[in-house]
Each structure stands twice: as structure tokens, then as C-alpha cells.
Amino acid sequence: MKLSYKVLVALFSTLALTSCMEVLDKTDLSSTSGTLIFKDSTLTQLNLDYIYDQNLPVPIGSLGPEPTGLSGLSDESYADSKLLQGSLLINEIGDFGTKLDATNNYGKIRVINMFLSDVNAGTLPQFTKNKLRAQAQFFRAWRYFDLVRLYGGVPLVLSPLAAVGVEAKQLAFLPRNTTAECFAQIVSDLDSAMASVPGRWSASTDWGRITKGAAAALKGRVLLYAASPQFNPTDDQTKWQTAYTANKQAYDLLTANGFGLHASFDQLWFQEVNNPEAVFITGYNTATGDQTKKNNGYDNSTRPSYTGTGGGSNQPSWEMVKAFPMLDGKKAGESTKYTYSDQLFFKNRDPRFDKTIAYNGATWPLNGNTAYKVWTYFVGGKTIESKASNTGFYTRKAINPTVGAGDAQYSGTDWIEIRFAEVMLNLAESAVGINQLDEAYTQLKAIRKRAGIEAGTDGLYGLKANMTRAELFDAILYERQIEFAFEGKRFWDLRRWKLIEKTLNGKRRTGVTINLKTTGVPADFATTRDNVSLDKAYTDYFTIAFKQLDTKYDIAWKPEYYFFAIPQTAIDNNPKLIQNNTWGGAFDPLK
Amino acid sequence: MRYATGTQTTSETETETGFLSYAGRINYSYANKYLFESAIRYDASTNFAPEYRWGLFPSFSAGWVISEEPFFKNNVRGIDYLKLRGSLGFMGGDATKPYNWLTSYSIQTGKAAVFGGNSDRGLVVTPNNAMANRQARWDNNTKYNIGLDMQFLKSRLSFTADAFYDHRYNMLTALTSSVPLLVGATLPSENYASVDGFGTELSLGWNDKIGGDWSYKVNTFLSWSDNKQILVDVNKGLIGTYLDPTGRSTDVGVLGYHYLGMFRTQQDVDNYLEKNPGYLLFGAAPKPGMLYYQDVRGPKDASGNYTAPDGKITTDDLDYLNKKSGNHFGFGFNFSASYRSFSIAAVIGGSFGGQAMVEGDARSQATPTANRPQFWANHWTPDNPNAAYPSPYYKDTYTVDSEFWYRSSTQASVRNLNISYGLPGRWASKAGLSTVRVYLVATNPLNLYNPYDYKAYSGNYNTYPVLRSFSLGLNLGL
Numbered sequence: 001m002k003l004s005y006k007v008l009v010a011l012f013s014t015l016a017l018t019s020c021m022e023v024l025d026k027t028d029l030s031s032t033s034g035t036l037i038f039k040d041s042t043l044t045q046l047n048l049d050y051i052y053d054q055n056l057p058v059p060i061g062s063l064g065p066e067p068t069g070l071s072g073l074s075d076e077s078y079a080d081s082k083l084l085q086g087s088l089l090i091n092e093i094g095d096f097g098t099k100l101d102a103t104n105n106y107g108k109i110r111v112i113n114m115f116l117s118d119v120n121a122g123t124l125p126q127f128t129k130n131k132l133r134a135q136a137q138f139f140r141a142w143r144y145f146d147l148v149r150l151y152g153g154v155p156l157v158l159s160p161l162a163a164v165g166v167e168a169k170q171l172a173f174l175p176r177n178t179t180a181e182c183f184a185q186i187v188s189d190l191d192s193a194m195a196s197v198p199g200r201w202s203a204s205t206d207w208g209r210i211t212k213g214a215a216a217a218l219k220g221r222v223l224l225y226a227a228s229p230q231f232n233p234t235d236d237q238t239k240w241q242t243a244y245t246a247n248k249q250a251y252d253l254l255t256a257n258g259f260g261l262h263a264s265f266d267q268l269w270f271q272e273v274n275n276p277e278a279v280f281i282t283g284y285n286t287a288t289g290d291q292t293k294k295n296n297g298y299d300n301s302t303r304p305s306y307t308g309t310g311g312g313s314n315q316p317s318w319e320m321v322k323a324f325p326m327l328d329g330k331k332a333g334e335s336t337k338y339t340y341s342d343q344l345f346f347k348n349r350d351p352r353f354d355k356t357i358a359y360n361g362a363t364w365p366l367n368g369n370t371a372y373k374v375w376t377y378f379v380g381g382k383t384i385e386s387k388a389s390n391t392g393f394y395t396r397k398a399i400n401p402t403v404g405a406g407d408a409q410y411s412g413t414d415w416i417e418i419r420f421a422e423v424m425l426n427l428a429e430s431a432v433g434i435n436q437l438d439e440a441y442t443q444l445k446a447i448r449k450r451a452g453i454e455a456g457t458d459g460l461y462g463l464k465a466n467m468t469r470a471e472l473f474d475a476i477l478y479e480r481q482i483e484f485a486f487e488g489k490r491f492w493d494l495r496r497w498k499l500i501e502k503t504l505n506g507k508r509r510t511g512v513t514i515n516l517k518t519t520g521v522p523a524d525f526a527t528t529r530d531n532v533s534l535d536k537a538y539t540d541y542f543t544i545a546f547k548q549l550d551t552k553y554d555i556a557w558k559p560e561y562y563f564f565a566i567p568q569t570a571i572d573n574n575p576k577l578i579q580n581n582t583w584g585g586a587f588d589p590l591k
Numbered sequence: 001m002r003y004a005t006g007t008q009t010t011s012e013t014e015t016e017t018g019f020l021s022y023a024g025r026i027n028y029s030y031a032n033k034y035l036f037e038s039a040i041r042y043d044a045s046t047n048f049a050p051e052y053r054w055g056l057f058p059s060f061s062a063g064w065v066i067s068e069e070p071f072f073k074n075n076v077r078g079i080d081y082l083k084l085r086g087s088l089g090f091m092g093g094d095a096t097k098p099y100n101w102l103t104s105y106s107i108q109t110g111k112a113a114v115f116g117g118n119s120d121r122g123l124v125v126t127p128n129n130a131m132a133n134r135q136a137r138w139d140n141n142t143k144y145n146i147g148l149d150m151q152f153l154k155s156r157l158s159f160t161a162d163a164f165y166d167h168r169y170n171m172l173t174a175l176t177s178s179v180p181l182l183v184g185a186t187l188p189s190e191n192y193a194s195v196d197g198f199g200t201e202l203s204l205g206w207n208d209k210i211g212g213d214w215s216y217k218v219n220t221f222l223s224w225s226d227n228k229q230i231l232v233d234v235n236k237g238l239i240g241t242y243l244d245p246t247g248r249s250t251d252v253g254v255l256g257y258h259y260l261g262m263f264r265t266q267q268d269v270d271n272y273l274e275k276n277p278g279y280l281l282f283g284a285a286p287k288p289g290m291l292y293y294q295d296v297r298g299p300k301d302a303s304g305n306y307t308a309p310d311g312k313i314t315t316d317d318l319d320y321l322n323k324k325s326g327n328h329f330g331f332g333f334n335f336s337a338s339y340r341s342f343s344i345a346a347v348i349g350g351s352f353g354g355q356a357m358v359e360g361d362a363r364s365q366a367t368p369t370a371n372r373p374q375f376w377a378n379h380w381t382p383d384n385p386n387a388a389y390p391s392p393y394y395k396d397t398y399t400v401d402s403e404f405w406y407r408s409s410t411q412a413s414v415r416n417l418n419i420s421y422g423l424p425g426r427w428a429s430k431a432g433l434s435t436v437r438v439y440l441v442a443t444n445p446l447n448l449y450n451p452y453d454y455k456a457y458s459g460n461y462n463t464y465p466v467l468r469s470f471s472l473g474l475n476l477g478l
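Chains as they are written, first to last, in the UniProt record's numbering: chain F, 1 to 591; chain C, 1 to 478.
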């Protein structure tokens, strides 16, 4: 036992050597504490810039299990999707979140809530606190709106939930709030935002931050949804009135701060700072360094593959091509001044047609070549493109004509999520809702005038005179289809108007194959085509063949998709969530 | 060669952590008959808050060499060595992320929004550890082990039996499932879960010499291990359902669909639909060339209970298809022999008892840039209705786990082979060297049993395989 005694002595004498305790005197070098951040406005702003980046929308957006870009979920373009096949399963719209995750919707909401309470607890002047918090509140409204339009009411989490320990966890099992409560919360956040952000930021380096007008415009959009048939099947006039008031306020706030329509329907995408049309944008840059770049992927993925490094998304369907009005503003086939034929589909159309659709033979300056013409025809069953367009067309909206093929991937074109034109059409629609039909005519005419449509002898830009309330609703929806084509708006418009079955069900979308005739075509057509008149080329040299883009099934959208199911996995995680009544539960999303 | 363009940036991070430990050990042996050892550790880790930093971990082991006892020595023949041993340890770990106990923010690059036209992304402040747990402390692991060592036939034959039981509790767990997703943050570790692990191992060895030149050694073992979860992080809505893991092993078999067959013709589909009207496979109507599965349950009702089978195959029809998915039995066979300066040694290992499946990548549809294993050549087409594999078109219906993709999980291979030869000293000295040794080492030289015909046992068919390597060496001593 002598040995063990010695060991014990040694052991305890080492313990007494307090100098060793320095080993434990360590700090977390990679992080810093909140108290240091939220007493400094610059550092606090850096936290806000992170919230901006996490929440700013991406171009067009996507939805569903695959997920599918929104252009392909409407009549604008084509995509295969379980939503359109009608085979959507209960877990497959996972935007609500299916498990605890710091980066899903509720993860992003937590970052916002942390910011709101951290700034409050910090030592900045009240004015600065309000200005910073207001911008975060805008994005909290944006997040909840994103969820509510998908599912109806969701649990409102308005402060960072504690979750360490059994008791705190139990308190975090929250039920869904009603849809009305959610809309009220969104509006309240946007009202706070409006109160504390400037109408226009004085420094150009702040271009892209939330303004009073942006908050008001989002509020207008949110309340327009709340008044639409999806949320308002009984056509409750008070909802339209609230929407009208909000949109009118947005319109007035924006015009008072120098916003308005941009002079050019196509160039509006390429003016960044002080663009009057850009109400709410996601800023992108042309940097190439992996820590400094934030490039807009829309351009590269939409242009023809051989003029960039990706390409071919958002290809217009024939339905979209045909939807554009003629130059006098009348629909194709209805205009008496400009006759329409499928063979010369491009002739005498609304000027927005040429600025939105790139078709076989269209002059489309790309890669800095101002004389460039895009050709998509087939010779002997083979495309003359290095990779054929599936529909026969390309989208040219917001595609930068000046960048080289290798630089298209670094596009810095800002994405305009809310254009001033949308504020105008939101105002028009809500005005129709409360039977102020003249207001709708005013806005529609202004949009069509900017588009370049002929005013006509009656000065109505092709609009039918004395339309009824229902006709005007249709006219506005139609104007939105044209004006906002490929801006990710069409799917949501059809859904909030519950018009997807009527528009798409039982149908298959169409594309074209333009074939070069085998006889009567000059042998040197491939080299001289750029100088041949398009009328002559289409009349004498091309034939147009139609093909179905939906090859597998007729579109079969289901009525229960107007409110998606809360994923069963989310309900398993939190049994207090009640499923929507269209999916077997007891929650009424209309309340 | 990298083909990516643009600016490359590198970054560097610096962190510091501290770990302080005091250790002591007492060894006691009486006449090589009674053995006792006790060890004690007193550890501190900066993973815990200062007031929870220290943990005390004693362990004890004892052995009794029965064969040294006179009553044994004098009475038992044929057993040269017999030892009983046992140990008990109170251990713990600090397996949690550093500074788990502090709420913190970090400054990062590449995550800022872009303002003012085309300016570069700036810095951002992000929540680094959004939630802290100051109460986290060392977790507990009580380890029990008993063993028996025996030797027979002039110590040429040896036998060892071992059994262990680990009771782990207060395990540091970053909870996810039992937390409502509304929280929206990665949770800090909490002292929560409890798992018991247990297993046994038997081994048998023989070593002997034949004359003065030959010697050889053979050793085999068979092992088994499993566990039982006592307290688990589980979704509230899954408690009490077949998916509740509480009280069960972490391995309760393959979760998949009960495979019923493949629709070969439209006639098959029609017949099936006649008996099962409205049958849908993951939302799609059945078509020839699809695999189909058994309907086990309907969707959950409003109170969270599964309803009766509804004729639609969805994730509600998942089931545990067998008892175990992993191989809980392992075996080995090690052999070595030498003749004068020539020696050969081999390590052979294997495992069995679970259930393997064709891996997910090999099951899925080919893409323009990804090939699939050759077995897909025999897939369903209208002209090949009796194919072994389904129509690749309906990917949602066949990529799921099911008995269709079963392969045996038994495997055995020679892991290592070593042959060496040392030149006799007199030859070496002629060359002016003291020793000359030639050797060949082979890693993974031979697969004895592999249930797959398109890949090696471990890894996916489309990833870099486990290498079979041979090295030939020459060792010269001056």
C-alpha cells in the first residue's frame, strides 16, 4: 500500500498547481457577443444586411417538390410538375418547414426576431433603432406573407422562442393563428416599417434599401391578395376597400418621392440607382470573386445556351406568344385594323411583344452584337441552333444585350420584385373591387401608353369602352399577364383568382417547330437570311408546326391546391398544428 | 486542373479551446493471482461554462488468475491458464460544439445583400450560436465489462470471452425532433439522451512450432453488438407510432415499402385496379413498367392516428421490413506462418446479420452526365415486359427503399496479406550488407464473398473505390 499512498500525494499536489488553470482561460475567437454589436450602428447595420440577403426574393421564384420555376407553372412557359399533374402529396409543399432548421422560413424569422429584440436591448439612439428595426419588420411581413398565401394562417412567432429545457420547449409548441390574424400582423409590421424608413434614401449607396413606398406597395399587394377570391370568396367589399386605401397610399407615397413609370418598357431593367420604376428590388452585382459576388442567375439561365454558359429556361409557350395584343391594343384576331395570322404571328403586335419574346428571325442584340438575329428553325428535322429551344422561342425580358457570352453568368441586373407598374395595376384592381371603374381605366391607359400601344381615335388604347366590373377584372388580369410576363407573377395571379382550372385544366401547352421548306428556298439562305425580310421568309420559306409541350398528361390542377397542406412531417413535429380543411383537417384558412 | 473562372479567395480561421486533465493510477498485484487497478481522471473542458467545467471519472478493474490457486493447480489437468476479470468505469465526454454555452455573433464575408447598383458584397454580422445552454456539463457513461481468458495444451490453444454493457445517460444531444420547428435555430447541446450499448466477443487462437524452422499462428474471433435507446429525441407526433424509437435499438431494420411486384402489361394494371380501385403510387396512376407496393396505412386523421389502408401508396405506407439493417455480427480469421526467414501473414474479415440494398445513386434515373450500372440494360419496355428492372421513366415509384432492391449484406474479404523473405546472412554479407529483406504487402487483395456484381462491397458504384494495392519492398541494413 506504500506505492498507492505516494501516487495519491502526487495527484493532489498537482491539483494544487493553479498555474495550470491558464489552459482554461480561453475565448471564442471566431465570434463576438451581442452587447458589442448592438451598441454600434455600423455593426448593427451589418446584421441587418444579412437579413436583407436572407430574405430578398430571387428572380421569378419556384414552387413544388422538384421545385419548378414559376414560369413553368402557368401558361407562360412549360414545365413538368406534380402541381399541374394533380399528384401533389401532403408533404410536398415544404415551405412551412418540415423540421427544425436555422435556414428555413421560421429560421429566417428567428434571425429577424433576434435582431428586433437585440436592437431594442442595445444602446443606440431611439431614432436609429426605429430605422433599423423597421427594415427588419418589412422582411418579417414578407416572410409571413410568403407563408400565408401558400397555407392560410400559420403560427405567428414574434419574438425569439426559448427552447433550452423541457418547460421552454413545451411553451414553443404554438398553434396556427387564423388567416385574419396573420394578415393583421403583416399589415402592422408594414405600417411600422412605413413610419420609420425614409421615402427615399439620400445616399446612392443605400439604393435598394426599403423605402416608405416599398413598404406601402407590399402592403397594397398583401391586401389585394386578402381581397382576391382565394381569401375572399364572398367578394366582401370592405376587403376591397382596405386594399384600395393601401394601394392608393402606396401610389401617392411613391409619386411624392419621385417614383413612377420608367420611360422604356425594356430599358427599365437596366437602370439601377434612381430607377423610378424600381419599388422593391433585389440588388445583384457583376463581381466575380466568390466572397464579393452576388450575380443574377436569371439572365444566364434564360438566354439561348450558346450566348451564355447555361441557358434555355423560361421559354415562352405558344399560348403566351399568342396572348399579346395587336399594336392597337386589341386581342389577336379581334383587331380589325391589324389582322392576325399564325404564319405571321410577330407582325403588328403590341410593342411589348418584341421586348418580351425572341422568335425565329427576331433582331436581338446579344453579346454586344447590335445586328444579331436569333434563328431557331429546323432544316430536315435538325435544329440549326447548337441546342434547340423546346418551344421555339426565348424570353428576352431583362436579358442584358451588351455582355459577352462568358460574362452572362456574372450578370448584375437587379431583380425588380415590385415595379411601379404593379402598384398601378394593384390600385386599378382594388378600385374595380369598390366599383371605381374610372380609376382602373386611368391606370390601364397609362400602362398601355408607356408600352407604345396606339391610342386609337377613342383614346382608350384598345380597351373596350364602358366595361363592367367583371370585364374590368378580366382586363386587368390580362394586362398583368402581358406586362409582367416572366416576372413570376402569373402563377400567383391565377391562383389568387382561382382561375387555374379554367385556364389550364384539361389542356396541354403548345410549342412550335419552324421548319425550312425543302423547295423554293435559296441555296445560300443560311448566309443571306439576316438580310431577307421576315415577312418574305415566313411566307415563302418557313412552315410552322405545332407540338404539345405537356407530353405526359393533361393538366389537372386540383381545387385543394388553393391552400396547400401543412406538411404532415411538420404536424408530427408539432401536433398543435391543425391541417387545412381541404386536406382532411379542421383548420379553415378563410377565417 | 481547374476550369472555373473568376477570382479565387482563400480564408483562414483561428480558434482556441482548452482541456485540462489530471490523472492517477493505482496498480496492485498479489502473487500474480489477485489483480486490482484503479484509475482516476479529473478533467476540465472549455466546452462548458466555468461552473460546470470539471468532471471526475474513476474506474476500477479486478482480475483473479484462478490457475495460480493451489486448489486449481493441483486438481485440474489440461487447463494451463484461467483468468476471470471484470471492470467498472464511470466515464464521461464533452462532445459538444465549442462555446456552446455562449450566445454569439460572427462577422462573415459573402453573405451581404448588394446595395447601390453593382457594389461588392460587404461584411455581415450573423448569429453564430443563436441559442446557448449554460447548464451543459459532462455526460455520463457507466461501462461494465467481464471477461474470461483460458489457455490449453501447453498454452498453444487460447480462448477469450468478453462481454460489455455501457449505460450512457445525460448524453450531450443537440435536440432537433422533439423541438417545434417554429424555434428556427440550431439548438445547443443539452444533457438529454440515454442509450445502453452491449455486445460480446469470442476469440480462439492457436500457435505452435514444428521443429526448429516452422512456426504458425491462427486466430479467429466472432463478435456481436447492439444497443437500446432509453431516452431519445423524437417528434412529439410520432410517440407511440411504429416510428417511435424509444426502447428500441438504433437499428430496427430497413424502413421501406413492401414490394408486391411489377406491372408487366396493361392487363396486369387493369386486373390490379379492379381489385384495388383508385390505387395510386405516390400520386400517380399505375402504369405498365412500374413497381407496386403493399398499402399498409392511410393518412393520419385529425387526432394524429393512422387510418385504415386507403388504397394509395404514400410515405404513410413505409414500414420496417426486417429486424436489422446493419451487420451486427463480425468475424475474423488471422493467420501467420514462418519458415526460417520466410514469413506470410493474412488478415481476413467479414460481417453478417443485416440487410443491404442497391444504393440510391444506382437506383435512380440516368442523366445526360451520369451513367448507371449495367443491370439497368434489362429494364422494362413494352417490347421487354418480363425485364428484371422497372421502366426507368417512373422514377418516383422505384427509387424508394423496398424489398425489390435487397442484396445480401454478408461480406468477407482478405484485408491484408504480407509476405516477406530475409536473405540468409552469409549471402547478405557477401554484398557488404548486414540484412536483406524482400517483402510484398497487399491491401484488399481478395474478395471472398461480395453480394454485388457491379461494384465492390463498400462504397457506391460511382465513387472512388476502395483500392486494392500491392507493394513490393526491399529492406537493406548496412
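Hints should not be assumed to be uniformly reliable.
Listed below are several chain F residues computed to face chain C (Cβ distance under 10 Å; list not exhaustive) [claimed, not checked]:
id, residue
1, Asp-25
2, Thr-32
3, Asp-53
4, Leu-56
5, Lys-108
6, Arg-200
7, Ser-204
8, Val-273
9, Gln-291
Distance condition first, Cα-Cα at most 30 Å in a straight line; then the derived DSSO-like pairs of lysine-lysine [unchecked claim]:
id, chain 1, residue 1, chain 2, residue 2
10, C, Lys-323, F, Lys-507
11, C, Lys-287, F, Lys-169
12, C, Lys-324, F, Lys-99
Keep in mind that the hints were calculated from the coordinates and are not lab data. Using N, Cα and C, we set each Cβ at its ideal position, and we do this for glycine too.
Now for the hints, and whether the structure bears them out:
Of the supplied interface hints, the one on F:Asp-25 holds, with its beta-carbon coming within about 7 Å of a beta-carbon of chain C, less than 10 Å. Hint on F:Thr-32 holds. Least Cβ distance to chain C is approximately 6 Å, under the 10 Å limit. About 4 Å separates the beta-carbon of F:Asp-53 from the nearest beta-carbon of chain C, less than 10 Å, and the hint is met. For F:Leu-56, the interface hint holds, since its Cβ comes within 10 Å of a Cβ in chain C; the closest pair sits about 6 Å apart.
With a cut of 10 Å, the hint placing F:Lys-108 at the interface with chain C holds, because the nearest CB-to-CB distance is about 7 Å. At about 14 Å, the closest approach between the beta carbon of F:Arg-200 and any beta carbon in chain C exceeds 10 Å, and the interface hint on this residue is violated. The beta carbon of F:Ser-204 is positioned within 10 Å of a beta carbon in chain C (closest approach about 6 Å), and the interface hint is therefore held. Using the Cβ-Cβ criterion of 10 Å, the hint placing F:Val-273 at the interface with chain C is satisfied: the shortest such distance is roughly 5 Å.
Among the interface hints, the one on F:Gln-291 holds; its C-beta lies about 4 Å from the nearest C-beta in chain C, closer than the 10 Å criterion. Distance hint between C:Lys-323 and F:Lys-507 is unfulfilled; the C-alpha atoms sit about 48 Å from each other, more than 30 Å. Simply put, C:Lys-287 and F:Lys-169 have alpha-carbon atoms about 46 Å apart, too far for the 30 Å limit, and the pair is violated. Distance check on the hinted pair: C:Lys-324 and F:Lys-99 sit about 26 Å apart at the alpha-carbon level, within 30 Å; holds.
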